[in-house]
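*Asks:* Sequence:
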Amino acid sequence: MLSLFILRFHQRCTRKPLSDPSKLYPFHLHTLSLLPKRNKPKKHSDVTANTWNTTHRFVLANPTLSILETKCKSMIHLKQVQSQMTVTGLCLDGLAYSRLIAFSALSPMGDLNYSKRLLFAMQNPNAFSWNIVIRAICDSQNPSEAFLLYKEMLVVVSVWCVSLRPDNYTFPLLFKTCAKLLLFRMGHEIVGHVLKMNYDGDIFVHNALIHFLVSFGELEAANKVFEESCVRDLVSWNSLINGYTRSGRGKEALRIYREMEMEGDVDPDEVTMIGVVTACTQLEDLKHGREFHWYIRDRGLNMTVPLANALLDMFVKCGDLEEAKELFERMEEKTMVSWTTMVMGYAKFGYLDAARRLFNAMPEKDVVPWNAMISAYVQAGRGKEALSLFHEMQAMKVEPDEVTMVSCLSACAQLGALDVGIWIHHYIEKHNLLLNVVLATALVDMYAKCGKIMKALQVFHEIPGRNALTYTAIIGGLALHGDAQDALSYFLEMIDAGLTPDEVTFLGVLSACCHGGLVEEGRKIFSQMSSKFNIPPQIKHYSCMVDLLGRAGLLKEAVELLESMPMEADAVVWGAMFFACRIHKNIELGERAAMKLLELDPDDSGIYVLLANMYVEANMWDKAGEVRKMMRERGVDKTPGCSSIEVNGNLYEFIVRDKSHSQSNQIYECLIKLSKQMELVESVVGVPHPKDDFLYASEVNN
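Numbering-wise (the numbering used here), the sequence shown opens with residue 1 and increments by one.
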């Protein structure tokens with residue numbers, strides 16, 4: 001039954017399944033044996049038969065077995081019972097002896113190594129006893145030893161015990177271990193044994209094989225096993241549905257669920273619902289997600305915590321925050337995942353203050369919710385709060401990870417907080433955090449945006465596995481610093497390396513061409529976006545091209561490009577057009593661009609000021625006066641200018657006419673001195689000195 005897809009395994013694995021199970025020596029056990037040994041279990045005072053004994057429901061009248069089942073609480077007790085069973089001959093009974101093995105292997109007070117000794121000393125070995133020990137090893141800290149024991153089992157079979165052979169409980173345990181340890185080749189060999197021993201039609205083996213295959217992303221092979229199964233139970237359907245969702249193939253998962261409904265042989269349970277709800281999350285399918293929620297309530301399915309968390313995640317990611325809030329409030333048990341999902345939901349919809357209140361109310365927090373809240377601040381452009389929360393995280397003795405560092409570096413890039421960024425870089429090196437490509441790219445971006453382009457280049461060249469994101473970061477950084485030729489060189493190097501640029505990459509290289517006046521290169525790259533890389537230009541790319549053409553004085557071509565855009569031009573595009581007209585003193589076209597800008601944002605004082613200045617530069621004083629009058633009539637106030645500087649890790653913001661700083665008088669006196677020095681320079685070398693308003697400092701970050 002499995003012969004059709006077993007050929008595919010042979011294509012993936014050069015080794016062939018063994019023809020004789022007793023010759024299972026080619027297993028790669030020499031490397032697996034290096035895994036850490038199983039720790040001795042902690043002492044457990046409450047040991048009952050239910051915690052270890054897989055046969056406790058059998059009624060056995062022997063008083064010795066009764067003591068083993070109800071009174072045995074340590075290995076000393078077990079050995080006393082074993083001695084009594086040996087004297088009475090009870091050890092010759094396979095079921096009775098298996099109870100000794102079960103206590104030693106599965107009890108919290110047991111000894112796994114002793115259970116192996118009991119197993120090898122068994123007079124009449126049976127698969128049930130071997131499966132007990134294999135199961136215990138699979139759940140131990142060294143599950144690879146299960147394959148060694150399986151090999152011993154096959155040796156026993158081949159040498160002296162024909163009645164003992166692996167059964168339909170043995171192979172599921174082995175497949176489970178292969179999936180846990182990511183041993184695809186080993187699982188392939190186990191499949192050969194399944195075929196050899198004619199267990200390919202067993203439902204338990206089939207379900208375990210499906211789970212093994214989906215764990216490695218072999219969904220087509222898993223689907224083939226599923227289709228060839230004579231009997232499909234709920235476990236079969238759940239394994240396949242959840243396998244597709246784990247691989248991000250939600251559409252196929254929902255298709256399989258519909259097939260399950262049409263057959264009508266089994267009813268879905270909570271595990272099924274987790275799979276289909278997750279599929280709806282991947283597809284952002286709120287309609288079907290709600291239907292599954294109603295189904296769960298109407299059928300009275302148990303709202304387990306994992307299922308409730310899956311529904312929460314679905315509502316948040318599909319845009320229904322209100323439904324998520326109601327579900328969250330109804331949840332009797334909330335885990336850290338539940339709280340973190342809601343924090344991310346509030347942040348996603350812009351309710352950062354509500355997200356922070358919920359974050360503060362969490363009963364316990366590990367690094368994940370801290371990362372979620374810090375990332376939310378960064379994505380909202382509130383880098384100061386992000387770094388403040390990071391310092392609070394450190395005060396709470398929560399160890400940051402690579403995700404924390406990426407968010408904090410992004411905050412530093414937003415704020416220009418170089419000192420904090422350097423400290424984070426040193427922290428990464430001191431604590432030996434994994435400098436993966438994502439974290440290294442964040443370092444490159446931070447150094448570039450904080451003015452240290454040479455340091456950014458140094459970090460870039462130290463990254464061993466540079467990807468498209470890394471190149472995009474350095475190209476954008478070079479563009480920001482006006483290094484157009486270098487940015488273009490790295491772009492070409494990226495293409496030669498076989499990496500595919502995205503929209504952000506093209507935005508960076510077009511921006512570099514704009515700063516460097518590389519018109520021909522910009523035209524070529526803009527054309528290649530759609531023709532070669534099948535990336536339709538977005539409005540930001542058009543803005544760069546309008547700016548590039550406008551700066552070069554190609555105003556007619558810039559207007560033609562603007563008018564040919566497939567989308568409506570925004571303020572950025574018209575702003576680029578306006579600045580180009582002002583540079584090249586094209587008053588008529590500049591007026592048109594300014595009027596478009598005022599239509600888009602009539603309250604933007606900057607447009608009025610720039611338009612008036614353009615008229616002044618052209619000696620059109622009457623027009624300039626009309627613009628000033630228009631500002632007064634519309635009640636538009638001039639927005640004060642703002643700048644910032646970092647001193648000793650603290651960020652300070654400077655705003656026009658702001659005297660809120662405690663040392664504003666001293667700052668003002670310093671500015672007067674600087675102004676006089678600038679006037680002196682003007683008188684000596686003829687550099688014009690602006691007569692604008694002074695700037696006053698306001699402390700932003702302590």
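Bear in mind the hints are in silico, worked out from the structure with no lab data behind them. On a predicted model such as this, the values are computed, not experimentally measured, just so you know. Please note that a few of the clues may not be correct.
[To be verified] Listed below are the simulated DSS-like cross-link pairs for lysine-lysine, each with C-alpha atoms no more than 30 Å apart in a straight line:
#, residue 1, residue 2
1, Lys-365, Lys-455
2, Lys-452, Lys-384
3, Lys-365, Lys-317
4, Lys-524, Lys-623
5, Lys-540, Lys-348
*Asks:* Could you run down the list of hints and mark each one as holding or not?
*Replies:* Quick rundown of the hints versus the structure:
Between the alpha carbons of Lys-365 and Lys-455 the distance comes to roughly 35 Å, so the proposed pair goes past 30 Å and is violated. Proximity of Lys-452 to Lys-384 is assessed by CA-CA distance (about 20 Å); at most 30 Å being required, the pair is judged to hold. With a C-alpha separation of about 22 Å, the suggested pairing of Lys-365 with Lys-317 holds against the 30 Å cut-off. As the CA atoms of Lys-524 and Lys-623 are separated by approximately 40 Å, the hinted pair breaks the 30 Å bound.
As the CA atoms of Lys-540 and Lys-348 are separated by approximately 23 Å, the hinted pair is consistent with the 30 Å bound.
The structure is inconsistent with the numbered hints 1, 4, although it conforms to all the rest.
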